[in-house]
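Chemist: Take a look at the letters that make up each chain.
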Amino acid sequence: MRRTTIYVCAILAAASIFASACSDQLYLENAATPLALGMDLDKNDKFHFYGTVPVFSKNIKKKSQEIAGTAESLRQSRSFQDAQTAGTIQGRNYQVILLGRRLLQQEDWFAMLDVLFRDARNTITDRMIAVDGQVKDVIYLNPPDQPLMPILLRGMVDTKTKRSETYSTTAQELHRQFFDKGVTPYIAEIKITNKQVQLKGSALLNAKGKYAMSLNAQETVLLSILQKQADPGFSMSYRIPGKPLKGPFETDMLSFTGGKLKTKIKSGYENGRFTFDIHIKTKIGLSEHLFPVNVAQDAKKLEKQASALMEKQIEGLIQKMQKHRLDPIGLGVYARAKQYKQYIKVEEDWPEAFSHAVVNIKVELSIAAMGPVK
Amino acid sequence: MINTEKNSITSMQFIFIISGIQISVAVLSLPRKLAEAAGTDGLLALPLGYLLNLLCGYIIIMVMRKSSEKSLYDTLSKTMGAWVAKGFSLLLAFYFLHLMYDGLVRAILIVKTWLMPNTQGYVLMILLLFPAYKIALGGPRILGRYAELVTVISCWLPFVYLFTLKYAHWLNLLPLFKDGFLPVLTAVKATIYPSLGIIAVFILYPYLQKKEKAVSALVISNSITMSVYIFITTICFIYYSPHESTVFNDPIISILKTIEFRFIERIEIPFISFYLFVFSLVWIPCMYIASFCISQVFGLSDHRFPLRALVIVLAIGTFFYLPTYNQSDKIELWLARFGFCIEYILPSLLLVYLTLYKRFHRRAAS
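Going line by line, the protein sequences match chains S and B. Mind the numbering: the first sequence is residues 13 to 386 in my numbering, read in order. Mind the numbering: the second sequence is residues 737 to 1102 in my numbering, read in order.
Since the hints were derived computationally from the structure, they do not count as laboratory data. Virtual Cβ for every residue (Gly too), placed ideally from N, Cα, C. Among the hints, erroneous ones may be present.
[Claimed, not checked] In silico lysine-lysine, DSSO-like type, Cα no more than 27 Å apart, as pairs:
| # | chain 1 | residue 1 | chain 2 | residue 2 |
| --- | --- | --- | --- | --- |
| 1 | S | LYS324 | S | LYS374 |
| 2 | B | LYS902 | S | LYS274 |
| 3 | S | LYS55 | S | LYS172 |
| 4 | S | LYS295 | B | LYS902 |
| 5 | B | LYS902 | S | LYS240 |
| 6 | S | LYS353 | B | LYS914 |
| 7 | B | LYS949 | S | LYS212 |
| 8 | S | LYS222 | S | LYS335 |
| 9 | S | LYS272 | B | LYS814 |
| 10 | B | LYS949 | S | LYS174 |
| 11 | S | LYS386 | S | LYS332 |
| 12 | S | LYS174 | S | LYS74 |
| 13 | S | LYS255 | S | LYS278 |
| 14 | S | LYS357 | B | LYS949 |
| 15 | B | LYS902 | S | LYS276 |
| 16 | B | LYS949 | S | LYS240 |
| 17 | S | LYS278 | B | LYS902 |
| 18 | S | LYS274 | S | LYS313 |
| 19 | S | LYS272 | S | LYS386 |
| 20 | S | LYS313 | S | LYS276 |
| 21 | S | LYS276 | S | LYS293 |
| 22 | S | LYS350 | B | LYS949 |
| 23 | S | LYS350 | B | LYS902 |
| 24 | S | LYS313 | S | LYS324 |
| 25 | S | LYS74 | S | LYS240 |
| 26 | B | LYS1066 | B | LYS949 |
| 27 | B | LYS914 | S | LYS276 |
| 28 | S | LYS293 | B | LYS902 |
| 29 | S | LYS172 | B | LYS949 |
| 30 | S | LYS278 | B | LYS925 |
[Claimed, not checked] If we take Cβ atoms under 7 Å as the criterion, some of the chain S residues that face chain B in the derived model are:
| # | residue |
| --- | --- |
| 31 | TYR39 |
| 32 | LEU128 |
| 33 | ALA132 |
| 34 | ILE136 |
| 35 | THR137 |
| 36 | GLN184 |
| 37 | PHE191 |
| 38 | ASP192 |
| 39 | LYS240 |
| 40 | ASP243 |
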């Protein structure tokens, strides 16, 4: 009796499973997996989407296919995207998302990315990259001597992030930065010069996502230091004032490599303004100095000069950010943790409150190594 | 009626069954609920909930110690009459059915959202019911072994979450008690639903080998549950920004999407599939306990027939109707209320009654 029931159940289950359980299967031949997604606005502020789909075939020389079109939103455009490829478009493998300059000049564009978070099968570790120019130019560039555009960009952003020269901000990380009221978003930025993609550094967005300013590689390193995100091995160069110039070469250049950083941030509140004391301490190794210097004797002097230059550059950076109402450092998070009573009053408009804050910077570099040459 | 010798469970198995019922699907949404109630201070509500659970667990064990007969059912029918005992069993059966259905529906909805959106709910239900039926049929000892097995094979799960520490923002947790003590107290309410399941002691206690160790076993199981909850909630709160924690329905799964390995993309897929083992720790024991209680109500010799009926009704029922996400949330809300009455209030009343009855009875006897 018992055995028969089990058999009956097993047959019933097998039948039902084979009949319909595999409705989620997908053959690779029937799938088109774009590796890059581009979003931009044209001259009339109409929304455009772009995609790069890799082509797997021996007989086709070009390894990727580009799709493009206008749409109201990303998911609404899916049928139109599907119509351009042999398979169905799957959003499961995006590597990078490119954002055009014109799109970034609008506020609240982030809502367009809702489908990434709402459709559970989409990836959310795509690197967000701002394009200084039009996304169209990047997507259709296809240089013959470089890997597929999405792979190139992904590699470019990821490796330079290790050197703190840009940010590999993922879609999820950007989501966090938008939702955290004590920080403003920052993403990587690229530009096309002479038909080559170049990494510019990073783009800072305001609290609503509108493009505010760009940072070059060295400024991005400084920002990473302030964010306590910089890994040892970052490189900086300064022109030491008062050193002689010889010929066309800038022989007053000093470059050094940073070691492990100790960044301390103290927050306070005085006379209606937030105050932040930032103390940066690290050991550096000299990697080049084009002027003669006796490191054994003049190390202290050189340390002071380099520290002062770095301090000055950071102060300039912070002033620029305050002018643009930006707080990519996330000092708001410190204010929330330590000065909650004051912070909660200005939470809704923290960048404004930050623009009035007093930020004191102190940099303390000490030379630990001068390299194998004296 | 109960063969406790053949089916006895060790303290270890007892611990894992109780923790399993508690953690299961409830852990998924816990950080969001805590954040909704008290922001990042919700974390502080967990230790308070823990103390509450310890108290309630102690009361339940005291009730079992006071009941001189083999099982609570026998004690109740002796002290209050057969019909009251039957009513009590029916109530427990309803409660565990509720708990089981909630767990099953949640698991199916999660699989449907994350893994197989185009597959029919009843297919998933049938697939889940097969192993569940086989295990629940075996009785407490098999349940205990299954719980042990699942605990052993899934103890690596928390370590994967450590990969998110790379993006940790510890400052998110500060300041503590940012809006005073009241929000923390309201957040304790959110810890009730994930703590439900201690009442299974009423059924499992007679099978326990070393009854004198029951209290310490219950303390250990509650400690395991709470440390898992504190760990997971901390991970979520330091990863997501404070206003973001409330945006994700199941932050525990969403956070997995952000972990990247070189060899595998989208690790949430194998993870959710593996999580089904953990989820199953709620519906399999509950299935057994519910059918066991029903067999007591009807005076059947064992739980096989109710179990079969239950499985068939579930399979056929899901073909016609599967709750949506919103309805499942409602089920959960009702379960939290129902559970509060059953797990926190009912045992205290029973304890008072049994104490008074004993005192009265002794006086009458002497």
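Chemist: Now, for every hint given, state plainly whether the structure supports it.
Modeler: Comparing the hints with the structure gives:
Among the hinted pairs, LYS324 (chain S) with LYS374 (chain S) is consistent with the structure: their alpha-carbon atoms are about 10 Å apart, no more than 27 Å. In summary, the hint linking LYS902 (chain B) to LYS274 (chain S) is supported, as the alpha carbons are separated by about 17 Å, within the 27 Å threshold. Simply put, LYS55 (chain S) and LYS172 (chain S) have alpha-carbon atoms about 32 Å apart, too far for the 27 Å limit, and the pair is violated. Of the pairs offered as hints, the one joining LYS295 (chain S) and LYS902 (chain B) holds, with about 23 Å between alpha carbons and a cut-off of 27 Å not exceeded.
Distance restraint check for LYS902 (chain B) and LYS240 (chain S): the Cα-Cα separation of roughly 12 Å lies within the 27 Å cut-off, and the hinted pair is therefore satisfied. With a C-alpha separation of about 8 Å, the suggested pairing of LYS353 (chain S) with LYS914 (chain B) holds against the 27 Å cut-off. Taken as a hint, the LYS949 (chain B) and LYS212 (chain S) pair is broken in the structure, with Cα atoms around 66 Å apart against an allowance of 27 Å. With a C-alpha separation of about 15 Å, the suggested pair LYS222 (chain S) and LYS335 (chain S) falls inside the 27 Å cut-off, and the hint holds.
About 73 Å separates the Cα atoms of LYS272 (chain S) and LYS814 (chain B), which puts this hinted pair outside 27 Å; it is violated. At most 27 Å may separate the alpha-carbon atoms for a hinted pair to count; LYS949 (chain B) and LYS174 (chain S) exceed this at roughly 54 Å. Between LYS386 (chain S) and LYS332 (chain S), the direct Cα distance comes to roughly 39 Å. Violation of the 27 Å bound is thereby established for this hinted pair. Of the pairs offered as hints, the one joining LYS174 (chain S) and LYS74 (chain S) is violated, with about 31 Å between alpha carbons and a cut-off of 27 Å exceeded.
Proposed proximity of LYS255 (chain S) and LYS278 (chain S) is contradicted: the alpha carbons are some 36 Å apart, above 27 Å. For the proposed pair LYS357 (chain S) and LYS949 (chain B), the alpha carbon gap of about 53 Å is over 27 Å, so the pair is violated. Between LYS902 (chain B) and LYS276 (chain S) the CA atoms are separated by roughly 19 Å; this keeps the pair inside 27 Å, and the hint holds. Between LYS949 (chain B) and LYS240 (chain S), the direct Cα distance comes to roughly 50 Å. Violation of the 27 Å bound is thereby established for this hinted pair.
A hinted pair counts as satisfied when its Cα atoms are at most 27 Å apart, and LYS278 (chain S) with LYS902 (chain B) qualifies at roughly 23 Å. For the given pair, LYS274 (chain S) sits about 21 Å from LYS313 (chain S) by alpha-carbon distance, which is consistent with the 27 Å threshold. Taken as a hint, the LYS272 (chain S) and LYS386 (chain S) pair is honoured in the structure, with Cα atoms around 24 Å apart against an allowance of 27 Å. With a C-alpha separation of about 24 Å, the suggested pairing of LYS313 (chain S) with LYS276 (chain S) holds against the 27 Å cut-off.
For the proposed pair LYS276 (chain S) and LYS293 (chain S), the alpha carbon gap of about 8 Å is at most 27 Å, so the pair holds. Restraint check for LYS350 (chain S) and LYS949 (chain B): the C-alpha separation of about 46 Å exceeds 27 Å, so the hint is violated. A threshold of 27 Å between alpha carbons decides the hint, and for LYS350 (chain S) with LYS902 (chain B) the separation of about 23 Å falls inside it, so the pair holds. For the given pair, LYS313 (chain S) sits about 17 Å from LYS324 (chain S) by alpha-carbon distance, which is consistent with the 27 Å threshold.
The straight-line distance between the Cα atoms of LYS74 (chain S) and LYS240 (chain S) is roughly 43 Å, outside the 27 Å bound, and the hint therefore fails. Between LYS1066 (chain B) and LYS949 (chain B) the CA atoms are separated by roughly 37 Å; this puts the pair beyond 27 Å, and the hint is violated. The suggested pairing of LYS914 (chain B) with LYS276 (chain S) holds, with an alpha-carbon distance near 23 Å, which does not exceed 27 Å. Taken as a hint, the LYS293 (chain S) and LYS902 (chain B) pair is honoured in the structure, with Cα atoms around 22 Å apart against an allowance of 27 Å.
Between LYS172 (chain S) and LYS949 (chain B) the CA atoms are separated by roughly 58 Å; this puts the pair beyond 27 Å, and the hint is violated. About 36 Å separates the Cα atoms of LYS278 (chain S) and LYS925 (chain B), which puts this hinted pair outside 27 Å; it is violated. At its closest, the beta carbon of TYR39 (chain S) sits 15 Å from a beta carbon of chain B; the interface hint therefore is violated under the 7 Å criterion. The closest approach between the C-beta of LEU128 (chain S) and any C-beta of chain B is roughly 10 Å, which is over the 7 Å cut-off, so the hint fails.
Hint status for ALA132 (chain S): holds, given a least beta-carbon distance of 5 Å to chain B, under 7 Å. Nearest Cβ of chain B to the Cβ of ILE136 (chain S): about 5 Å, under the 7 Å cut. The hint holds. At its closest, the beta carbon of THR137 (chain S) sits 6 Å from a beta carbon of chain B; the interface hint therefore holds under the 7 Å criterion. With its C-beta approaching chain B no nearer than about 5 Å, GLN184 (chain S) sits inside the 7 Å limit, and its interface hint holds.
A least Cβ separation of about 4 Å between PHE191 (chain S) and chain B falls short of the 7 Å threshold, and the interface hint therefore holds. With a least beta-carbon distance of about 3 Å to chain B, the hint placing ASP192 (chain S) at the interface is held under the 7 Å criterion. This hint is violated: LYS240 (chain S) has a C-beta 10 Å from the nearest C-beta of chain B, more than the 7 Å allowed. This hint is violated: ASP243 (chain S) has a C-beta 11 Å from the nearest C-beta of chain B, more than the 7 Å allowed.
Consistency with the previously given hints fails for numbers 3, 7, 9, 10, 11, 12, 13, 14, 16, 22, 25, 26, 29, 30, 31, 32, 39, 40, ordered from lowest to highest.
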